[in-house]
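Q: Going line by line, the protein sequences match chains A and B.
Position one of the first sequence corresponds to residue 1 (the working numbering), numbered consecutively onward.
Position one of the second sequence corresponds to residue 1 (the working numbering), numbered consecutively onward.
Check before you lean on any hint, since a few could be wrong.
[Claimed, not checked] Where chain A lies over chain B, by a calculated footprint (3+ residues, C-beta under 8 angstroms):
| no. | region |
| --- | --- |
| 1 | 114-125 |
| 2 | 350-358 |
| 3 | 421-429 |
| 4 | 529-539 |
| 5 | 698-707 |
Hints are computed from structural coordinates only; laboratory data are not their basis.
On a predicted model such as this, the values are computed, not experimentally measured, just so you know.
Glycine included, every Cβ here is placed at the ideal spot set by N, Cα and C.
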Amino acid sequence: MVKVLFYSLPECDFEEVLRYAGAGKTSDGKNEDMAEIVKECTEEAKIVRGRVCFEKYKISVENGKVKFPFAEIESESLSKNLSGCSSAVVFAATVGIGIDRLIRKYGSTDTVKALFMQAIGTERVEALCDTFCRDLSEKVKRNGYSLKPRFSPGYGDLSLDVQKKITEATQCAKNIGVTLNDGMLMSPSKSVTAIVGLYKGEER
Amino acid sequence: MTELLEKIRKTRLYLDGGMGTMLYKMGLEPGELTEGWNLTHKAEIISIHKKYYEAGSNIICANTFGINGLKYSEEKISEMVSGAVECANEARRLCKDKENKYIALDIGPLGRMLKPYGDVDFEDAVEAFAKTVRVGVKFGVDLIFIETMNDGYETKAAVLAAKENSGLPVFVSNAYEEDGKLINGSSPEAMVALLEGLGADAIGVNCSFGPDKLLGVVKRLVAASSLPVFAKPNAGLPESVDGETVYNITAEKFAGEMIKMAKIGACMLGGCCGTDPEYIEKTVAATKDIPLAKIEKKNYTVVSSFSRTVRIGERPVLIGERINPTGKKRFKQALVENDIGYILNEGTEQVEKGADILDVNVGLPGIDEKKMLKKAVSELQAVESAPLQIDTSDFDAMEKALRIYNGKAMINSVSGKEESLRKVFPLVKKYGGVCVALTLDDNGIPSTAKGRVEIAKKILRAADEYGIDKKDIVFDTLCMAASADITAPGVTLDALKIIHDELKMNTVLGVSNISFGLPQRDTVNSAFFAMALENGLSAAIINPYSTEMMKTYYSYMMLRGMDKDCKNYIGFSESIPVEKPVENIQKAQEKPKDQEGTTELQNAIIKGFRERAAELSAKELLSADPMSVINDQIIPALDVVGKGFEKKTVYLPQLLMSAEAAKAAFEKVKEAVSASGRTENKRAKFVIATVKGDIHDIGKNIVKALLENYGFQTIDLGKDVDPETVVETVLQEKAPLCGLSALMTTTVVSMEKTVKLLKEKAPWCKVVVGGAALTKEYAEKIGADKYAKDAMETVRYAEETEKYI
């Protein structure tokens with residue numbers, strides 16, 4: 001059964017936001033102003049909340065294929081990532097539609113803020129995935145398991161089409177409001193689907 | 001089917017419990033579609049319905065939750081819906097007691113998001129639901145049950161589909177989150193406004209969490225709504241016990257919680273995920289003797305956006321008047337140029353100044369108002385959470401805007417004229433809304449207060465005939481220029497007072513009209529505003545940028561005891577701009593030039609100081625020619641930054657800050673040019689779009705911002721744009737330049753199509769492409785004239801190309 005979690009996210013990481021926005025080195029004199037704008041944006045973006053839905057599946061990995069109960073996925077990179085795993089957690093995470101509204105609001109009125117909102121959205125959803133995986137790691141550790149790095153459709157040769165299978169398996173439209181369009185784009189845009197392998201033993 | 005509607009107000013009817021839960025128990029595989037069983041496992045479906053009927057359910061949902069036109073062909077829908085209804089009918093036939101047993105067509109979400117945040121067009125969503133509704137009606141269901149919706153906009157599409165394709169009762173249920181809102185942000189009050197406006201017959205909650213966690217939402221629905229409210233919660237949350245899924249609330253506990261639901265006013269009760277016939281049976285036993293709560297009619301006058309409601313008739317409501325081209329040259333220019341950013345900006349700023357509702361009027365000769373109003377409304381509602389007032393005299397434009405509005409709109413306006421009543425009231429009835437009613441009719445505007453009150457009464461009678469509640473009418477007693485008739489303000493105020501005090505109706509005025517033709521208009525407006533408030537004005541259409549008007553508003557609220565501890569007044573008083581002492585201005589002017597050979601304005605642009613750039617540009621324009629401000633000041637400054645960007649000494653955010661500062665300076669030039677009535681010397685036209693299938697537009701917006709800075713006439717088609725639309729626009733505008741953006745590798749195919757079509761139909765047009773998915777090689781391969789790695793390169797290319805035109 002798919003489970004749903006809600007997160008209040010930790011504070012925004014300024015440096016990360018600047019990095020995602022392509023702000024380069026922060027020693028430039030103009031950055032005091034920029035810091036002010038980033039602050040305004042993070043303040044406005046405080047409305048975002050994280051939601052994750054996930055499910056653990058038994059898997060088998062062989063010959064460049066990973067077998068899940070809901071699908072068989074062909075991918076060399078994923079097979080490599082999941083080698084040695086007998087189960088994997090499949091999850092979808094989102095910071096919701098609110099950030100898309102903000103990006104859109106500034107898209108046609110203030111491109112600086114639009115750029116930072118984009119960057120904040122990316123930082124937020126990455127922070128959400130990190131938080132989720134950290135919690136998960138602690139949980140599985142108690143049973144003697146460790147986690148592989150999370151792997152998303154689009155990494156290596158793992159096709160974006162796999163998102164369709166993940167969103168269906170996790171019923172994430174109903175559970176967390178994440179939907180997929182014909183072009184395999186997710187709405188809300190700051191959403192992630194990923195697979196995390198579990199293996200027996202200490203973290204390698 | 002009025003019989004059912006009467007019954008739900010008189011007796012407690014019960015709904016059914018989970019369907020999926022039961023199907024899994026019977027062997028439905030994970031990933032297998034429930035609706036498939038309507039054809040392959042009829043016996044099982046029949047037995048589930050029968051068990052619910054026997055447990056005490058009066059209304060069962062046929063197994064049609066996942067059937068819609070986005071997922072299935074019409075043939076398949078027909079087959080599966082007929083199978084589902086057949087099973088439900090058979091179950092009812094098998095019951096000994098057939099009294100009080102109904103079958104609902106169950107409508108669940110599409111599983112796809114609507115535009116602009118997803119890719120499904122609103123009308124396509126309506127049609128997707130309509131396909132299921134039409135088949136359900138054909139096979140004789142008793143009602144339509146729309147459920148588990150977590151987006152208000154999609155809910156509206158489903159309700160419209162149900163109402164337009166059936167005369168059946170429509171029950172609507174949403175899935176609320178723990179914070180008491182839908183995933184997409186709608187509050188229970190906003191859903192009540194929307195759904196009552198659309199003519200739903202009962203509203204409620206389902207799925208989400210257990211009954212304990214939904215009590216708060218149900219309470220709020222009961223407090224806001226005049227309709228029967230129902231509750232169909234989950235059996236708590238799923239837990240995994242020994243590999244099996246178990247819900248954490250037992251049937252006994254569930255029934256115990258449902259007693260509370262019944263006591264706070266829920267009429268119909270049932271269950272969702274995790275519940276089975278035992279839950280229903282125990283709920284029936286526990287609640288059947290609790291008297292049905294009286295459904296009280298509420299008389300709140302409410303308008304709503306997707307997330308927020310505004311009540312009229314409590315504290316005075318401010319309606320921002322700025323989105324209106326009348327008398328505003330700059331606004332007209334924005335409309336002609338399709339400059340939605342300008343309109344959005346007006347919206348955002350008015351809300352920041354304190355507007356509760358935004359009036360939207362885009363009527364202008366030469367503008368296709370039907371198209372423009374719909375566009376302005378859909379863009380504004382995508383980013384603003386203030387409700388909108390749809391302001392038009394074109395009935396067709398009004399309908400188009402109301403149809404796609406994500407909430408219950410304020411409608412401006414109806415009048416006592418026969419045609420107006422006949423055209424506007426059916427729209428109010430169908431789509432919901434609070435209607436501004438002008439107290440004039442086919443004989444014109446009465447010169448006496450009594451005359452205007454008579455028209456108000458006539459309008460109320462007409463509203464009643466159309467089935468429109470009087471709470472949804474707000475009277476405008478017509479504010480006219482005092483300079484033209486010195487007795488006019490008195491008549492307006494007298495009529496206002498009578499309508500407010502005697503008819504007990506809400507009122508609204510376009511306050512600014514009063515000072516037309518007079519000097520120092522703000523002085524007159526704010527005095528009249530205070531007088532009108534004191535005479536019973538409920539809502540005022542005003543300019544929220546006017547400090548004088550806001551002073552009156554905050555003072556009035558405080559003096560009338562609507563501002564506890566004078567908090568709002570004090571907060572506002574601190575925001576009133578204080579005139580700068582002279583010495584400060586001098587200091588600012590003496591500010592040393594810190595960059596060799598650049599002017600102050602150029603410095604402001606280079607540094608990215610927006611307000612400073614606007615101020616300095618305005619100052620320059622007092623003495624300099626607008627074109628020289630652009631060519632000698634703005635463009636050279638941008639070039640400094642642009643070159644820095646090319647050399648990687650300036651980064652993207654700095655470049656954009658300068659671009660925004662230049663835009664602010666440029667805006668002043670535009671204002672000066674439109675005020676002088678001259679036309680700008682314009683640079684070449686540049687059509688820009690993100691290609692079909694791609695919804696990433698930040699890159700495109702950055703390019704657009706820079707092109708505009710450099711004075712190119714940019715025609716922005718937005719994102720997810722069809723190749724045909726791009727080509728049509730290029731042909732229509734005879735644009736020599738076209739820019740296309742794609743971020744996803746999956747959408748470069750649409751880019752290729754667009755380039756090919758452009759080369760075929762508009763071979764003169766130079767096509768520049770960019771975006772993360774592209775490379776120089778690929779751009780050449782698909783036949784583009786130029787690959788630009790960033791916004792600056794696009795500008796350089798446009799400048800280069802322009803020379804040869």
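Q: Each hint: holds or not?
A: Comparing the hints with the structure gives:
1. 114-125: holds (count 5)
2. 350-358: That given contact is violated, which follows from only 0 residues of the region 350-358 of chain B lying within Cβ reach (below 8 angstroms) of chain A.
3. 421-429: violated (count 0)
4. 529-539: violated (count 0)
5. 698-707: The restraint on the region 698-707 of chain B holds, since 4 of its residues have a Cβ under 8 angstroms from chain A and three suffice.
In the structure shown, a violation is registered for the earlier hints numbered 2, 3, 4, in ascending order.
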